[in-house]
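Each chain, letter by letter, is given below.
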Amino acid sequence: MGTFPRHRLAAVALAATGALLATSGCGGGEDAGDGKITLTVDVFGQFGYEQLYQEYMDANPNVKIVERGTGGNLDEYSPKLTQWLAAGKGAGDVVAIEEGLMVEYKANPGNFVNLLDHGAAELKGNFLEWKWNQGLTADGQQLIGLGTDVGGMAMCYRSDLFAKAGLPTDREEVSKLWPTWQDYIATGEKFKAAGTGAAFLDAATNTFNTIVLQTAGNAQGYHYYDTSDNLVVESNPAVKQAWDTTMNIIDAGLSGKYGSWSEEWVSAFKQAKFATIACPAWMTGVIEGNAGAEANGKWDIARVPGDGGNWGGSHLAVPQQSKHQEEAIKLAKFLTSPEGHIGAFKAKGPLPSSPQALDDPTITEATNPYFSGAPVGKIFGAGAKTLKPVYMGPKNQAVRTEVENAVRTVELGQRNPEQGWQDAINNAKKAAAK
Amino acid sequence: MALHLDARPPATPASRDTRPSRAGRLSRIDAKYSPYLYIAPFFVIFAIFGAWPLVYTFWVSLHEWDLLGSDPVFVGADNYTRLLADSDFWHSVVNTLGIFVISTVPQLLLALWLANLLNRQLRLRTGWRMAVLVPNVTSTAAVAIVFGVLFGREFGMVNWMLDLVGIDGIGWKSDRFASWVAISAMVDWRWTGYNALIFLAAMQAIPRDLYEAAAIDGANRARQFWSVTVPLLKPTIIFCVIISTIGGLQLFTEPRLFHSGTNAIRGGPMRESQTMTMYMFENAFAPYYNFGYGSAVAWLLFALIAIVAAINVLIIRRLGAGARPDNGKRTGGPR
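Line order of the protein sequences matches chains A and B. With positions in the first sequence counted from 1, the corresponding number in this note's numbering is that position plus 1487. With positions in the second sequence counted from 1, the corresponding number in this note's numbering is that position plus 28.
The reader is advised that the hints may include incorrect statements.
Some chain B residues close to chain A (C-beta under 7 Å, calculated; not the full set) [said to hold, decoys possible]: (1) F183; (2) S202; (3) A206; (4) V256; (5) P259; (6) P297; (7) M298; (8) A314; (9) Y316.
These are calculated hints, taken from the structure and not from any lab test. Glycine included, every Cβ here is placed at the ideal spot set by N, Cα and C.
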């Protein structure tokens, strides 16, 4: 570390300067010259807040909102956020926290403002109960984050490719094709036999995560960790069952093997290289962003095989290091109000975690023109209020990474299913112990 | 080498006999101490940005230090003993050394050959010489992303071209050796020209008469290259080897950006091309946030660089023995 050659040092210095400029420029919420307060909001993926910011700024002329990180993936976002929190500097005034990482951040609640001290308790009725509880520390004394979206599931498909393969294209008909994952595989085999040049699904890892959250949610309510935080990857039948189903999908040769969130994955969207993708509500925004305008109207949404489930969803928190905590709390409350949920849903499709918003006609009657006018409000909203969440343990993200990597090695033919399963167990244990 | 930095007039020693004037004293203090002042900025900056982080990293590495937790616990050498038994760590060491070898060896050979070509009488010579440095000026990130796309499994140009000649698509990102080759290609593309210019500078210091003498003795171009150029270039070659060693063992940006998508920091689903710095990052930051363990990786990397550098010094001693009389005495002509 001490002996950088000059060219490396120069590169590092440049990178450091760039990082400094990037963070000092808008980090920490500095006051703009005109007496306005700048609030920075850190997000990943598509939160759909642009319009809401505008409304908020119109109503609060003293506030200027800057958003960072839209479109970025969670794997890049979470280390950054952690570093900012650890360094005590650099984080935005309002930060998004994904549910899988909430557990880790909850372990050290001192990094965040206790929203209960700022009148958040009265907002409890605005959120699904489990969503509210996810933002609470174990002792119930501190509320770290206010819920944004939940990840009600569906199956998105390309109707043009379905037509080419001689499959039905109407979403009702398509939903009837796959009441179970076995039926989904059978449909996939028909699709494959038609030889459209496209794969049936994008990546086995995405599908695996959908299945495991579904089977776990409908069984014990936990997957990698039980509710006492013991690692149960090996012994939990829900995980093994999801694993086996995924192996059948791989075995049938249905996956396009486009590593999720990679550049190839994005290219595959653009080039219509696969026909279906398991899509939690927030994924619709991602699909639209990746597939682009030329695929407008070619996508549609059907029921997910199996019995519903939840994947993803975030909270908004205010780091203790924010210089404008009061204003940031106010903004976080606005963005997570029922109106905020509705606005975000209309913009990018993340499903509200607010029962009021879920009942609102603008949601129940919402359609998405990009997805051939699919009634997204009905499809995703239907089961949302009865969703069974899956408990996430202390090293959930690290363990999930290991299990999904094991899936990927089988998908790529580097491992057979038995070896892959052993890898999943061993590596998950190692990850949990770190 | 005793360089005369002292620019005082020769009359000064004479003034020793008389009582030194105030100006003389000042000038002596100036002469004695100001050089230290002049070189101080480097050491001050090194202390702040080099030595201190090094010491602090070591301090961190002795702790169980969760980046998100608030209270680090002192655990002594625990992180190190765990690390030495960590197969993923050794996997990353092998990757690092593997990528290092298959990128450095062809790179330096290519640079030597390129320098030899550039050393000839060419039209637009300066233009050619500038051109070889162009890859070095581009940003590493851009290079890595472009190469990442070129080496794509399905949409990549390399596999497309291989397909044209009937070779099946190679999983450049999921095959261990293939990913080393792809990353080495990136490193070579960027650094060959840079090394070539250093070699060229050294080549130009070789007196022409050596070649004339060799030519009179009947040596052809190839013979001149191997018997005159290469031996005289030895110190420069060793310098380039050391610089490449340090850079190569710290390889991060290229392999990191070569992989995109989830957990790119692993360098592929089975850590095919995860280098030591990537392993350090994976542990210190996402997804483990184990700052102490990551710091221990950093220190072992430091140790590895020191070991490889020491091996290089031994090689210098050995190889340098024959070439040493030439150093600084090149005007002496052929021995």
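How the hints compare with the structure:
1. F183: 5 Å, holds
2. S202: 5 Å, holds
3. A206: 12 Å, violated
4. V256: 29 Å, violated
5. P259: This hint is violated: P259 of chain B lies away from chain A, its Cβ roughly 25 Å from the closest one there, beyond 7 Å.
6. P297: Holds, about 4 Å.
7. M298: The hint holds - M298 of chain B has a Cβ within 7 Å of chain A, the shortest such distance being about 6 Å.
8. A314: Where the cut-off is 7 Å and the nearest Cβ of chain A is about 4 Å from A314 of chain B, the hint holds.
9. Y316: 5 Å, holds
Against the hints set out earlier in the document, violations occur for numbers 3, 4 and 5.
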